[in-house]
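J.: Protein sequence lines, in the order shown, are assigned to chains A and B. Each residue of the first sequence is one higher than the one before, counting from 1 in our numbering. Each residue of the second sequence is one higher than the one before, counting from 1 in our numbering.
Since the hints were derived computationally from the structure, they do not count as laboratory data. Careful, some of the hints might be misleading.
[Stated by the list, open to error] Selected chain B positions facing chain A (Cβ under 7 Å, derived; list incomplete):
| id | residue |
| --- | --- |
| 1 | Tyr32 |
| 2 | Gly34 |
| 3 | Lys57 |
| 4 | Leu312 |
| 5 | Ile401 |
[What the hints assert, rightly or not] With the Cβ distance kept under 8 Å, some of the chain B side facing chain A (calculated, not the full set):
| id | residue |
| --- | --- |
| 6 | Phe88 |
| 7 | Gly90 |
| 8 | Val122 |
| 9 | Thr168 |
| 10 | Gly172 |
| 11 | Asp228 |
| 12 | Thr315 |
| 13 | Ala318 |
| 14 | Gly325 |
| 15 | Ala329 |
Computed from a predicted model, the values in this text were never measured in an experiment. Built from N, CA and C at the ideal position, the CB exists for glycine as well.
There are 2 protein chains.
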Amino acid sequence: MTSSVSPLAVDLPTLAPLAGVRLGAIAAGIRYQGRTDLVLAELAPGTTVAGVFTRSKCPGAPVDWCRAALKGGRARALVVNAGNANVFTGRAGAEATKASAAAAAKLVGCKPREVMLASTGVIGEVLPHDRLTAALPGLHAALTKDGWEAAARGIMTTDTFPKAAVRTARIGNAEVTIQGFCKGSGMIAPDMATMLCFVFTDAKLPAPALQAVLRKGVAASFNCTTVDSDTSTSDTVLLFATGQAKHKHVPADGGPMLRGFRAALADLLLDLALQVIRDGEGAKKLVRIDVTGAVSAGSAKRVAMAVANSPLVKTAIAGEDANWGRIVAAVGKAGEPADRDTLSIAIGGVWMARDGAVVPGYDEAPVVEHMKGPEVRIAVDLALGHGRATVWTCDLTHGYIDINGSYRS
Amino acid sequence: MTSSVSPLAVDLPTLAPLAGVRLGAIAAGIRYQGRTDLVLAELAPGTTVAGVFTRSKCPGAPVDWCRAALKGGRARALVVNAGNANVFTGRAGAEATKASAAAAAKLVGCKPREVMLASTGVIGEVLPHDRLTAALPGLHAALTKDGWEAAARGIMTTDTFPKAAVRTARIGNAEVTIQGFCKGSGMIAPDMATMLCFVFTDAKLPAPALQAVLRKGVAASFNCTTVDSDTSTSDTVLLFATGQAKHKHVPADGGPMLRGFRAALADLLLDLALQVIRDGEGAKKLVRIDVTGAVSAGSAKRVAMAVANSPLVKTAIAGEDANWGRIVAAVGKAGEPADRDTLSIAIGGVWMARDGAVVPGYDEAPVVEHMKGPEVRIAVDLALGHGRATVWTCDLTHGYIDINGSYRS
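Between the sequences and the hints, there should be enough to build the whole structure, so can you do that?
T.: Structure follows, in structure tokens:
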């Protein structure tokens, strides 16, 4: 397995303390040796929580746990382990979530249902939760307001760099902060959310308002990305609001007061989602696909995803080959309304095909130059209607095969 | 690009003459240098024809041509070129098909609409049909009853071995022969048919009966295979019946008389379809996926295809890693009814997961041994209903990246 950092990596931003959050990581020895693999965050009393999860029919036990726990809308702790996904582990998996939540609840002084859980790693192996619960007291005793980078690193699996983002927004006259981290690299084809992402804000937001802004933000970020079309069984995005900021009361339905917050959150989620794609297994290029002129926004997105998930398009990009014929084929297979004879395709802003045929004598030189760079832009115009969508993916390289041909070994 | 023959290759069967068919291949210099790339088959007067094509919304010009020409139900010639797919070529593409058919019709002495066309290769480049029509007279003059292997080789693109199959069947008291060849390696995710496949029989069959048996045969063969989830713009399967065999009259609706023929054709098509998978770009293992216990046959097939198209499952197989957790994830993402807690998974006949959890203490040794072999069998039982399906795919290896990262160069 390659261990070099993705050439598309971005630096970790400065992660300052956020009122109401203390966190940290420890090496619990769940699977990995010599690295942290267990993360705990303790949240101030009164913290509300929202969550969006995988739509997999085979979700992990922690996803089941969170779905049930979320009904209360309150959270006091978050426990995340890396190395074992606790998926497809039957009754033992449910027992592991119960034991983990109980142990954390006891340390924090809350109900087990106020503990959110997430696990990531190998599927189908029973989580050795005794190691997890044994490590929790030491981890809890060492929690600090500065544990953000440690937490971002502690949840990594095949990730080659830690991923975090920060934004600020105004609610009324007060400034609030939104800060989060995530992990993800392979098995990325979100169908609600992707892999694990934890976002915290000091804003004071009722759980229903929190849930609404999160759902909308995820739809336009994580749900518009794919590495390999393989939706994870563990996809989880949680948003915690500690309520420590002083601002006017926000009603349950959010409303116009949250306009700035919504935009900042959306921006942060897209930043994090693109960091996951930048760390897509084996990725050497970040690819943006804009589809316009579709019969609807949904149709545009399905066409865009067909292009984004096409192994032939992705390998052509890896080979820096402006093989737009493969984009035509991917549009054609999407099953959405498309008319070959009105279809136009551009790479790097150069329209190479227009109205169903190659643009005679188009200049391939700037396209070739564009494809050599780290970011590739593809535009598809169907010229049928006003539906549009943008999605992101990465190229498909030898690195993906290296990483995934020997993941368990 | 690797040029070594697939380790899964099978030998070309003995291809004897078939009454009513003369064929051959020639180097027309359409794209490749130093190899044949143009195939012509001349068919006896009275030959009927049936066809099944891609459901791509961006079909190639030859697919448009054949769809229209098929309405007559008669064929006297087949012209196939490799190296250029004549797809997304606008008016120039339609002109190329017209000119090619006219040239062949003149040589054979038939109407242009009795000439079937197919092209395979790069998308989006105008077919230099003058080279094709210039080469046709020499090719026509050299047609023989023994040109089968030459034809099977002349249609290859990234294929590493020629693909053909022969079967016999009884219609009434007469024995008829069915013999065909095909090509395909990448861009294989049939949604009606796959890539190019041409089958010939000396049986005397009305076009409607021919179409019905072909459609049914393709559904259970080519349409149950995938290499890379990328449906081709050129998928074409044509079945020609020269009518040279002496047997009782077959009615337009086929009927029970064709039972044996149907079975033999289905068997031949599956043979050819699996040869394409055996030559899947970079393939080192042939993978069979059986799904049982689904709520319907359609649901079973969608689950099976989700497993077959999962890059993570395919790379695990390449790595000879019995990572059944990725099979769970693929079942989960299919969007079909599935209950994690009744799901069972076997590899090589060994049930590793049953009823939602790993089988305690199952013996991994025979599974590891099985995965080292050239053919891998995966079984998924959903335990919900009686729907079942079988599909085939191959593993995803470095060879796929090698081949597709530099196809045009």
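J.: Does each hint fit the structure? Answer for all of them.
T.: Going through the hints against the structure:
1. Restraint check, tyrosine 32 (chain B) versus chain A: the minimum CB separation of about 17 Å is more than 7 Å; hint violated.
2. Because the smallest distance between the Cβ of glycine 34 (chain B) and any Cβ of chain A comes to about 23 Å, over 7 Å, the interface hint for this residue is violated.
3. Checking lysine 57 (chain B) against chain A by beta carbon gives a least distance of about 4 Å; that is within 7 Å, so the hint holds.
4. A hinted interface residue such as leucine 312 (chain B) counts as satisfied when its beta carbon comes closer than 7 Å to some beta carbon of chain A; here the least separation is about 5 Å, so the hint holds.
5. With a cut of 7 Å, the hint placing isoleucine 401 (chain B) at the interface with chain A holds, because the nearest CB-to-CB distance is about 5 Å.
6. The interface hint given for phenylalanine 88 (chain B) holds, since its Cβ lies 5 Å from the closest Cβ of chain A, which is under the 8 Å cut-off.
7. Among the interface hints, the one on glycine 90 (chain B) holds; its C-beta lies about 3 Å from the nearest C-beta in chain A, closer than the 8 Å criterion.
8. Because the closest C-beta pair between valine 122 (chain B) and chain A is about 6 Å apart, less than 8 Å, the hint holds.
9. The criterion of a C-beta within 8 Å of any C-beta in chain A is not met by threonine 168 (chain B), whose closest approach is roughly 36 Å, and the hint is violated.
10. Look at glycine 172 (chain B): its Cβ only gets to about 42 Å from chain A, farther than 8 Å, so that hint breaks.
11. Using the Cβ-Cβ criterion of 8 Å, the hint placing aspartate 228 (chain B) at the interface with chain A is satisfied: the shortest such distance is roughly 4 Å.
12. Using the Cβ-Cβ criterion of 8 Å, the hint placing threonine 315 (chain B) at the interface with chain A is satisfied: the shortest such distance is roughly 4 Å.
13. The interface hint given for alanine 318 (chain B) is met, as the beta carbon of that residue sits about 5 Å from the closest beta carbon of chain A, less than 8 Å.
14. Look at glycine 325 (chain B): its Cβ gets to within about 3 Å of chain A, closer than 8 Å, so that hint holds up.
15. Hint status for alanine 329 (chain B) relative to chain A: holds, with the closest Cβ pair at about 5 Å, below 8 Å.
When each numbered hint is compared with the structure, violations occur for hints 1, 2, 9 and 10.
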